[in-house]
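Chains A and B, in that order, give the protein sequences. As numbered in the working numbering, residues 1 to 374 make up the first sequence, in order. As numbered in the working numbering, residues 1 to 374 make up the second sequence, in order.
Careful, some of the hints might be misleading.
No distinction is drawn between identical chains; accordingly, a pair holds when it is met within one copy or between any pair of copies.
[Claimed, not checked] Derived DSBU-like pairs: lysine-lysine, alpha-carbon spacing no greater than 30 Å straight-line: (1) Lys60 <-> Lys169; (2) Lys331 <-> Lys186; (3) Lys163 <-> Lys331; (4) Lys261 <-> Lys306; (5) Lys331 <-> Lys306; (6) Lys169 <-> Lys331; (7) Lys112 <-> Lys163; (8) Lys45 <-> Lys331; (9) Lys60 <-> Lys306; (10) Lys164 <-> Lys331; (11) Lys186 <-> Lys164; (12) Lys261 <-> Lys112; (13) Lys163 <-> Lys186; (14) Lys331 <-> Lys261.
Worth flagging that the hints you see were computed from the coordinates, not collected in a lab.
2 protein chains.
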Amino acid sequence: MLQSPPAVPGMREEEIDTPALVIDLDAFEYNLDHMAALLAPTGVKLRAHAKTHKSPVIAKLQMARGAVGQCVQKVSEAEVLAWGGIPDILVSNQIVGASKLARLCALSSITKAAVCVDDALQVDWVERAAADSGRRMTVLVEIDVGAARCGVPPGPAAVDLAKKIAASKHLIFGGLQAYQGSAQHKRTVSERQTLIGNAVDAARRTVEQLRQQGLDCPIVGGAGTGTFQIESVSGIYTEMQCGSYVFMDADYARNLDEAGKPISTFRHALFVLATVMSAPHAGLAVLDAGHKAVSTDSGMPTLWGKPDIRYVSASDEHGKLDVGSETTMPKLGEKLRLVPGHCDPTVDRHDWYVGVRGGRVESLWPVAARGGMA
Amino acid sequence: MLQSPPAVPGMREEEIDTPALVIDLDAFEYNLDHMAALLAPTGVKLRAHAKTHKSPVIAKLQMARGAVGQCVQKVSEAEVLAWGGIPDILVSNQIVGASKLARLCALSSITKAAVCVDDALQVDWVERAAADSGRRMTVLVEIDVGAARCGVPPGPAAVDLAKKIAASKHLIFGGLQAYQGSAQHKRTVSERQTLIGNAVDAARRTVEQLRQQGLDCPIVGGAGTGTFQIESVSGIYTEMQCGSYVFMDADYARNLDEAGKPISTFRHALFVLATVMSAPHAGLAVLDAGHKAVSTDSGMPTLWGKPDIRYVSASDEHGKLDVGSETTMPKLGEKLRLVPGHCDPTVDRHDWYVGVRGGRVESLWPVAARGGMA
Numbered sequence: 001m002l003q004s005p006p007a008v009p010g011m012r013e014e015e016i017d018t019p020a021l022v023i024d025l026d027a028f029e030y031n032l033d034h035m036a037a038l039l040a041p042t043g044v045k046l047r048a049h050a051k052t053h054k055s056p057v058i059a060k061l062q063m064a065r066g067a068v069g070q071c072v073q074k075v076s077e078a079e080v081l082a083w084g085g086i087p088d089i090l091v092s093n094q095i096v097g098a099s100k101l102a103r104l105c106a107l108s109s110i111t112k113a114a115v116c117v118d119d120a121l122q123v124d125w126v127e128r129a130a131a132d133s134g135r136r137m138t139v140l141v142e143i144d145v146g147a148a149r150c151g152v153p154p155g156p157a158a159v160d161l162a163k164k165i166a167a168s169k170h171l172i173f174g175g176l177q178a179y180q181g182s183a184q185h186k187r188t189v190s191e192r193q194t195l196i197g198n199a200v201d202a203a204r205r206t207v208e209q210l211r212q213q214g215l216d217c218p219i220v221g222g223a224g225t226g227t228f229q230i231e232s233v234s235g236i237y238t239e240m241q242c243g244s245y246v247f248m249d250a251d252y253a254r255n256l257d258e259a260g261k262p263i264s265t266f267r268h269a270l271f272v273l274a275t276v277m278s279a280p281h282a283g284l285a286v287l288d289a290g291h292k293a294v295s296t297d298s299g300m301p302t303l304w305g306k307p308d309i310r311y312v313s314a315s316d317e318h319g320k321l322d323v324g325s326e327t328t329m330p331k332l333g334e335k336l337r338l339v340p341g342h343c344d345p346t347v348d349r350h351d352w353y354v355g356v357r358g359g360r361v362e363s364l365w366p367v368a369a370r371g372g373m374a
Numbered sequence: 001m002l003q004s005p006p007a008v009p010g011m012r013e014e015e016i017d018t019p020a021l022v023i024d025l026d027a028f029e030y031n032l033d034h035m036a037a038l039l040a041p042t043g044v045k046l047r048a049h050a051k052t053h054k055s056p057v058i059a060k061l062q063m064a065r066g067a068v069g070q071c072v073q074k075v076s077e078a079e080v081l082a083w084g085g086i087p088d089i090l091v092s093n094q095i096v097g098a099s100k101l102a103r104l105c106a107l108s109s110i111t112k113a114a115v116c117v118d119d120a121l122q123v124d125w126v127e128r129a130a131a132d133s134g135r136r137m138t139v140l141v142e143i144d145v146g147a148a149r150c151g152v153p154p155g156p157a158a159v160d161l162a163k164k165i166a167a168s169k170h171l172i173f174g175g176l177q178a179y180q181g182s183a184q185h186k187r188t189v190s191e192r193q194t195l196i197g198n199a200v201d202a203a204r205r206t207v208e209q210l211r212q213q214g215l216d217c218p219i220v221g222g223a224g225t226g227t228f229q230i231e232s233v234s235g236i237y238t239e240m241q242c243g244s245y246v247f248m249d250a251d252y253a254r255n256l257d258e259a260g261k262p263i264s265t266f267r268h269a270l271f272v273l274a275t276v277m278s279a280p281h282a283g284l285a286v287l288d289a290g291h292k293a294v295s296t297d298s299g300m301p302t303l304w305g306k307p308d309i310r311y312v313s314a315s316d317e318h319g320k321l322d323v324g325s326e327t328t329m330p331k332l333g334e335k336l337r338l339v340p341g342h343c344d345p346t347v348d349r350h351d352w353y354v355g356v357r358g359g360r361v362e363s364l365w366p367v368a369a370r371g372g373m374a
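Chain A on its own, in the form it takes in the complex:
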């Protein structure tokens, strides 16, 4: 069931009902602007990843700052963006299943839609769906540039698949999907540079082999918030697919910069506001936000502005806080901001964003594609 909004514009942050997904609008807008400023001199484009935010509102704010389109992982996400008016959407993922492909092709009448493949069978399936819909679909080849998840090997296998796409009546070869997911959270710059260096080499080699076969790559897409500053100056990638930069999270904040300090490229903009619902004795307080409100798959959330309080464990609806003896115990009913360990799955547990500026609620935006996993 869609939940009702936890706030009304104009109310103070302390009045927001909890648990609530709160955006610090100043930090969020800083992130949007800063990404645009960082990419401008490189000439590469931003195709921001909507898997993070699941919101046509946020997609439009990204596009107003120059993003050329959006990435999604799922057809249901593509639908929500297309219905919300986003004109250019890449499903940066394989889509398997006739009904999903029919839905994706149907979107082509209202948006420019593209999809990835990593198997000849998928090419046949997309071709059939495109033919049935009477439209031509743009298809990219996903290559495995080191993450060992989806993707054909770089080089000849990718060329074969691209040729098959180009030879399919209702398909257009759109380029390469070359995302190195496992590099995003490597802590040191040198680790990230090594892994992305390999990805760049693999992508370059494949682009050259495609060119030898007369196949151009309009898109070479990849990169995430952890590594885009490497791919963006590679001379081979054309589109950056960063998602988390709009919000950041506790896990990305553990990445280190060249000086070995936590990265500070972007600001924390996403919080789960929670209430102290029990404070049974000194040192222990319990929040009303557990697994169902905040993701713990990349570590526990941290307390914003309260370094002496640790979120030590989550149960389904509770979060236990360990309160240092030097710190004032949070009071029963007090509201605290959590920095989620991992932003994407945290967002997906909520129906509403509550935008806050200067301590007041300014906006309510639906997490419009929440639960969209088909």
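Starting from the known structure of chain A, arrange chain B on it as the hints suggest.
Positioned in the frame of chain A, the structure of chain B alone reads:
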């Protein structure tokens, strides 16, 4: 946004769109019946926990087999059950916040609602909300019987709180909430017996001290799927609050019985059906179900009926499978059943239950209180 149902009654399981939350209806009904049969000779009542299923449909099936009511953790869950016709609902948790308490008290016109407290301030807050609503609310005292989460210490502190409730004009003292959450997943019977033995002692001592003050405990509630066979014969607990027994999960399946074998009291009834969306090389297959479709906080999901395939890692929308060399590689497009590591948060990520029997879809039930965390 509420997602559309992933299936239509009558279709074959292989036709269900994925990822989908699937109930094996035979196993599920076995679990409902078996719990009723296990508790019948003990004389204790079942107040099943709706935090697991979030569904008035399932609540009614439990009550048709003798459950006296339902537990919930959140007011939003209580609302969905009350609106769905459930006549007796205990919020087995503290509720902090005036608007939440007003909503809870408002439900008293259509259901019998009760709530827990572990602080004198909460008693004042519930009293004020009850007075404002013009109704009397039943309030239980939560005691900490060993889980070190919410709850006042057993004994005098609990008695003081109960006296304050009984002395409040619009409140009725309803008894004790005495749930030992940290015992539920202790692997051996002896560990669970030790912890629940302590909980029973603490509850008994508190009940006796209350009686000396003239305060009866109509409800002494607690227990979960891992331990109810201990509390139910304690002579002190009156209501069992088991939730997970309806579905089970991979984590509960790691609990051991007296013979040191995995417990077999209940059957696995809940699955996430997922599709092989990529199979880039021998030994590796990728499912379309990651963190957003299946909880990993209590370990990775397991593959139903496929012991030689391991779900080795989840990303947001992908699950990587390691396929043993002795096993036939799953085909692209093949659908596989995952046993979630943890049932409650997995359920909360989906909008629909797809009930399956004999390979066919028989029912579609909404996860009506999905996302209800306020």
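A quick look at each hint next to the structure:
Taking the shortest alpha-carbon separations for Lys60 and Lys169, neither the intra-copy value of 33 Å nor the inter-copy value of 54 Å comes in at or below 30 Å. Proximity of Lys331 to Lys186 under the C-alpha cut-off of 30 Å is found in neither arrangement, the shortest distances being 38 Å within a copy and 32 Å between copies. For the homomeric pair Lys163 and Lys331, the shortest alpha-carbon distance between copies (23 Å) is at most 30 Å, but the shortest distance inside one copy (65 Å) is not. For a Cα distance limit of 30 Å, the shortest separation of Lys261 from Lys306 inside one copy, 20 Å, qualifies, whereas the shortest one across copies, 45 Å, does not.
Taking the shortest Cα distances, Lys331 and Lys306 sit within 30 Å of each other inside one copy (14 Å), while across copies they are farther apart (50 Å). In this homomeric assembly, Lys169 and Lys331 come within 30 Å of each other (Cα to Cα) only across copies, at 26 Å, whereas the closest approach inside a single copy is 66 Å. In this assembly of identical chains, Lys112 and Lys163 lie within 30 Å of each other by CA distance solely inside one copy; the values are 22 Å within and 67 Å between copies. Taking the closest pair of Cα atoms, Lys45 and Lys331 never come within 30 Å of each other, the shortest separation being 48 Å inside a single copy and 36 Å across copies.
Neither within a single protomer nor between protomers do Lys60 and Lys306 lie at most 30 Å apart by alpha-carbon distance, with minima of 34 Å and 44 Å respectively. In this assembly of identical chains, Lys164 and Lys331 lie within 30 Å of each other by CA distance solely across copies; the values are 20 Å between and 64 Å within a copy. For a Cα distance limit of 30 Å, the shortest separation of Lys186 from Lys164 qualifies neither inside one copy, at 36 Å, nor across copies, at 55 Å. Taking CA atoms no more than 30 Å apart as the test, Lys261 paired with Lys112 passes in neither setting, with 41 Å inside one copy and 56 Å between copies.
When the C-alpha separation of Lys163 and Lys186 is checked against a cutoff of 30 Å, the pair qualifies neither within a copy, at 35 Å, nor between copies, at 56 Å. Taking identical chains as interchangeable, the C-alpha atoms of Lys331 and Lys261 are never at most 30 Å apart, the minima being 33 Å within one chain and 45 Å between chains.
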